[in-house]
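Bring the two chains, given one by one in their own frames, into a single complex with the hints.
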Amino acid sequence: MTATELISLVTQALFVGLFLATLWQLLRRPSRSSLDTLLLFGSIAAVVLVSRIAEWFGLNETLATGLTIVFINMAPLAMIRLVDDFSGTARWIPWLGVAVFVGVSAISVVAYQSSPRAIELILIAWFLLVGGYAAASFAWAAARSRGITRRRMTAVAIGAVSFIAAIVLVLVGALVESEVTSVIGQLLALASAIAFFLGFAPPGWVRRAWREPDLREFLQHSIHLASLTDERKAIMDLQSAVADTFGATGAAIGVADPQGRVLRYARRTGEWLESPSDAFIGGRAFTQQRRIVTHDAPGEDPENASTYQEVAAHTVIAAPITLEDRRIGVLTVFASRAPIFIEDDMWLLDLIADQTGVLLEARALNAEEASLQSREEAARLKEEFLSAAAHDLRTPLTVVLGQAELLERRAARNPTAPVDAAGIARIAREARRLRDLVSQLLDVQRLEKGAAPMELAEHNLWDVVSAVQERFGEHGLDLRAVPPAAPLVATMDRMRIEQVLDNLIENAIKYTTSGELPEISVDWEGDQARIAVIDKGVGVPEAERERIFERFYRGSNVEKVTDTGMGLGLYICRRIVEGHGGRIWAQPTAGGGTTFVVTLPARPAVEAVAGPGAASWQISPAGSEAAADA
Amino acid sequence: MPDVHVLVVDDEPDIRATVSAMLEIEGYAVTEAANGADALHRVEERAPDVILLDMRMPVLDGWGFAAELRRRGHRMPIVVMTAARDAAHWASEIAASAFVAKPFGFDDLITAVEEVRPGT
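As you go down the protein sequences, you meet chains A and B in turn. For the record, in the first sequence the residue sitting at position 370 is 370 according to my numbering, with numbers rising by one throughout. For the record, in the second sequence the residue sitting at position 59 is 59 according to my numbering, with numbers rising by one throughout.
Some hints here could point you the wrong way.
Restraint-style ranges between C-beta atoms, simulated for each label pair [as the list claims (entries may be wrong)]:
1. 495(A) x 73(B): 56 to 62 Å
2. 59(B) x 581(A): 39 to 45 Å
3. 579(A) x 73(B): 56 to 62 Å
4. 386(A) x 26(B): 32 to 38 Å
5. 70(B) x 523(A): 56 to 62 Å
No wet-lab data here; the hints were simulated from the structure. Note that this is a predicted model, so its numbers are computed, not measured. All residues carry an ideal CB built from backbone N, CA and C; glycine is no exception.
This is chain B alone, in the form it adopts within the complex (with noise of 0.2 Å):
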């Protein structure tokens, strides 16, 4: 599964660290941006599979990067993660795949990431 490639977008280097870590476990290439304009960067370096995704961010929020994300025509699923009660709203108002609300533990990220992720 060493192919499988995630983006994990998040302003918090604690929680970004965390999350790289539980994915790095379970085999996944794991890259990190601090904000929306950070990650589209990383985009275009190199196209992630799955992208986890903070909503509210300093320079370019959720809402901002996925719809730049969607406009230069990437398709792949973006999971929500937030520490906000509407988790479920926010991810259906940027069409994204999955959400995972903070606190959110090991299998909760680890699942939502394998339910979304190509080849499943």
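One chain only, chain A, in its complex shape (with noise of 0.2 Å):
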């Protein structure tokens, strides 16, 4: 036997044995491509079948040609059925096929023996044209596909180009005599056997082989979705990690309650969809715990039809998710068509349900320490909280129980003594301090609770601003306050937004040791409303500037006055102006000193006036310039 003698038997050997093969497939489980499979398989057994029957019995030259000729032209006609299966082509190709086929091989049968050189001539350009149309379209279904289909896709287009060129091969061969290109043509014929049989039935050892990249990439992809805290993102993140695994279109994940009544679907648009645990395909698998397949989603499930059609799903795969016998939920692969050979690596699905299951174990783990974390932090905070509040409220304490006993000692001793007057101005200063700080920490408990509910109300901001101008007058200290150029109405709570400005007032006036009163001003600009109060005051280094707004920070330059605040001042006014959708910040004022600037959400007054409840702010444009001028 010479060596292309015994290549050319491993070949036929291997096509007969995929023959077999796809045979025991289409036994077990029936269905289109199957067939076709068997079809493409079935006409090369037969070629070979036919050779050597002619070999070793002797058959009749005209039969055995005749024969040939027409089991080796179904082989293209296979192929584009095959595409067809596969990625679909157009409706009469398949049919033009079978009418092309018909009359090669009709052609072929009649006229070989007297032109055999012709016939060879149209049999290449069949294979050619048929075979190569099929073999583009693997190699282009291969690139479009992903995970483990692409690998078996392109085994695929791999078998069918070597398959087209080793015929073609053979025929220039017989009819240019040229042996050179027969022994390249059975070697073609060999490289697409094997590449077939890859493709279409590969061994178990291939299989694990090829499994291990795809589920090393999903892990790859998925492993860090474990730690997000943000269920939804993490199940949406998985799906897309699930659907690239298997080339599918898409992937839900159904999580189920404690119960398991209810399954739970993360949306796209960022609520979730529960339903019924038995509703959708996904709900039969996981009410049923099997793996269930379908080619016909819409017409399976009509109840929920619409649903399909909306993301093509046509074929649905669902696998339940367990882990350890707990029904965690479902996994759905959809897909407009079949990703081919699917249903030969269910145990894929499989596998990536369980790792899916572990996946959302972990999260959930990760997600109940994390929020124990924050419960503890908050503890934490709670606590720093109460042993400051306690702190500062013990130093006027210490006050006021000394100067107390102090007077109860001198009238003790000497009954007659004049009163000490700066000792009750100290108790009085320092009670009064107490009581400041008792009501802030009572506003930061509010605030932050949110049990503060803002009485909110349209104000003109102007006629607020002139208000507390004119408090602080009524303490003999005249602020300058410049008005907006037009009227302009904020949405407050007005009490809310004059204590802010107090505050800052207060503030500006206690850190500024010259005795220069702070201006306020108010403007517009875009949407919003800018009320400014400017000191010339000490100042606000640049490294504070933020660290101001924080609970209990006091500026580093605070000994520089007579300081009584906690450090809770500032904080509280950027709770109430961040609840008004605005903005707090100070900034250095030209020439020295601090401006706090608050912005808060407004419109001009104008437009407004006729609207319903304007009377309660509406004023005239002399009463502000009045204002000013106070």
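Here is the structure:
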């Protein structure tokens, strides 16, 4: 036996083996694509069989040639049908294939004896055209597919190209009587047999080798999801990782509630879709705890047909997700057309469903730990708050207690002694300070709990500023205020905003050692009103301009002035302003000092004058001028 | 007892005034300082017999002051007065002789000073 004969024998054995394997597949799971696969390898196996019978037992040469031509012509036809199965073609293409197959076969059988060369040319053309088209389609489908499907499609494409090339080379070799061409053709035929084998009927060890990179890639893409605290985002990402692995259109993960009565699906729109645990094909897979495959989802589950059609889900494959007998949920993979070989690769679906279960569980544990940590953090903050509050209350309390005891002793020793005016003033001052601290603490607590509902109403901003200005005027503090160019209206809790302005002005006065009073200005920018409290005081170092708004933070230069604060005033201001959708910040005043700026969403008052409830804030421009002069 | 001299170190003027008044009514001679650095100057001017020390102060805090004081070789007793819950712990950190926790009353303060002042 020559080497060429050996190659030929191995090739033929492989094709016969493929025929048997695909026959077994068809018997186990009859489908159009398994029938077409059988057609492809059946035709090749038939050619092999005819040639062997002719060689070993002798056969009428005309009959043998006729049979060979018909069977070998059948291969390109089977390929066209497979292309349609895998990636879809125009409806007429398979029919045209049948017509040409019948025509070419008839002409070949009838005319081969008389003009073999012409027939060989026709056969070469048939193979090149149809086979070339099929091979190109397989290659195109391979390029588009993902995951394990891609590897198998690539093998099929290589097999198809080699097969067509082999047949063409053998025919050309016969035509020009070239031995070399025939040998190359034989080698290509062997290559195509091996490639087809790997594509259509990969042995177990090849599948295992192939599944590893898919699983690894899936895990690499999804392992970080276990640390996501946002469950919805984690599930969405997991779904796209699953879809990628299968080369499917999409995937859906339904998470079951502890009783297993409801399945929750993450929706793109940002909320959850809750459905009874037996709804959808996924729900059936969950309640029956088995894998379900359907290629006609709308037909199978007519109740939800529109949902399937929305996402073009015709093929739906669902597998339950379980973890140590616990029913976690269900994994559904869907596609407009069945990912090729998907039914062969169900083990991958099961594996991915298992991994999904592990990831979901890990994520839930991580999230639980994170929420525990944040609860601990909240408890720690509360502790810190209480301890800082207690510290700040103790200092004035020491003065009040100490001074009171001093008065008591002095009175006991010398009842006629003159009143200690300085001591009484200290008691009064520190008692007021205590009162302010307590009310600040209560404010903070209410603001942080969100238990201070804002009483929102539209107010003319200048009215509010003027009222504050007036109050300071009553204490002999005449502040200069600059009104906006046009009246401004803002929706606010007026008491709270006045509290902010009071606080900023008091701070400005406290931190200005020269005794120069701060100035207030109101103007407008975009859709925001800007209220500025401008002082020429000690200023805030740049590094602290943000930090002064933190709870219990006191500026490092407070000892330059007599400070009685607790480090809560600006913190409260920020909470209030942000609660109104505004911002507050500190910036240096040109020429020294600090300017505190508060912005609030506002609009010009003019257009709203006629609106309902306008009377409460409606003022004349003359009124604001008068206030500005005050 | 007018020969016993106490230095009161606290950044709160009202606390200083109150503590000074308490000590003076008991016959002590009192000097005040607003922070650790200020207190070191006062010690150099006239070494007190007892130091009443607040811990959290700007410029130089109680810890810094105590370390510098000992480094300079002064050995007079220190009474820590602080509002912190860990007054005892802080007192032991700087090897103070006693502590009073704010808010303290007249007797608490006087008793603490009497316990540590020389001659008792």
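We went through each hint and held it up to the structure:
1. 495(A) x 73(B): 56 to 62 Å: Cβ of residue 495(A) to Cβ of residue 73(B): about 59 Å, so the range 56 to 62 Å holds.
2. 59(B) x 581(A): 39 to 45 Å: Since residue 59(B) and residue 581(A) have Cβ atoms about 41 Å apart, the given range 39 to 45 Å holds.
3. 579(A) x 73(B): 56 to 62 Å: Since the Cβ atoms of residue 579(A) and residue 73(B) sit about 57 Å apart, the hinted range of 56 to 62 Å holds.
4. 386(A) x 26(B): 32 to 38 Å: holds, 35 Å
5. 70(B) x 523(A): 56 to 62 Å: Holds, at about 58 Å.
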